[in-house]
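Respectively, the protein sequence lines represent chains A and B. Reminder that position 36 of the first sequence reads as 36 in our numbering, one-by-one numbering, no gaps. Reminder that position 43 of the second sequence reads as 43 in our numbering, one-by-one numbering, no gaps.
Certain hints may be false.
As the list claims (entries may be wrong) - Covered, in the sense of this in silico footprint (three residues per stretch, anywhere, with C-beta under 8 Å from a C-beta of chain B), are these stretches of chain A:
(1) 1-13
(2) 28-35
(3) 59-66
(4) 71-84
To be verified - Every beta carbon over 10 Å from chain B, so not counted as near; a handful from chain A, in silico:
(5) 16
(6) 20
(7) 23
To be clear, the hints were calculated from the coordinates, so they are not data collected in a lab. All C-beta atoms in this analysis are idealised placements derived from N, C-alpha and C, irrespective of residue type, glycine included.
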Amino acid sequence: MRLAKVIGKVWATAKDDSLRGLRFSVIQPLNYRREPEGGTLVAIDAIGAGEDETVFYVGGADATLAFPGRSIPSDASIVGIVDRVHT
Amino acid sequence: MTVGRVVGNVVSTVKHPLYNGQKILLVQPVDPVHGKPGGNTVVAVDTVGVGIGELVLVATEGRAASEILKVPRGPVRSIIVGIVDEIETET
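Same shape as in the complex, but just chain A:
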């Protein structure tokens, strides 16, 4: 999992049926100082994060499991909103 900031949204009307109703967020991965680290990507938001919020997301095969009882074709899913980071 990695830290990231939500910096935008993606709308896609024509998409695979298994993605219906899901929200796509543009995220910028962050390092532990909350500085940008690496390139941006699109993640499926499984918890309802708002723009500008710091989140953590899971990548790879485990991203398909972000919704209980349902498998989604995602390779990055937001699974938590970060309230605070203590370093």
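Since the structure of chain A is provided, determine the placement of chain B on it from the hints.
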């Protein structure tokens, strides 16, 4: 698995239920041979009970996490599996 330094902890109220009650830490990967920080900061679940500043072993593939948490596979990928006492290499 990756060797890394614990550099922070994450407070999160709204999260996937699999993370409920779990300690969530930030780990900066460290090259196990040269000890230099490198790579991207990882968010990892901790069941070992480690502190900030400690050198740890992190498994970064989901099956290890589900084994340790004793839950079916879910959206947890990185998990701290131990505290490093010492690393010995030939170089």
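To see whether the hints hold, each was checked on the structure:
{"no.": "1", "hint": "1-13", "verdict": "holds (count 3)"}
{"no.": "2", "hint": "28-35", "verdict": "holds (count 4)"}
{"no.": "3", "hint": "59-66", "verdict": "holds (count 7)"}
{"no.": "4", "hint": "71-84", "verdict": "holds (count 7)"}
{"no.": "5", "hint": "16", "verdict": "holds (19 Å)"}
{"no.": "6", "hint": "20", "verdict": "holds (20 Å)"}
{"no.": "7", "hint": "23", "verdict": "holds (14 Å)"}
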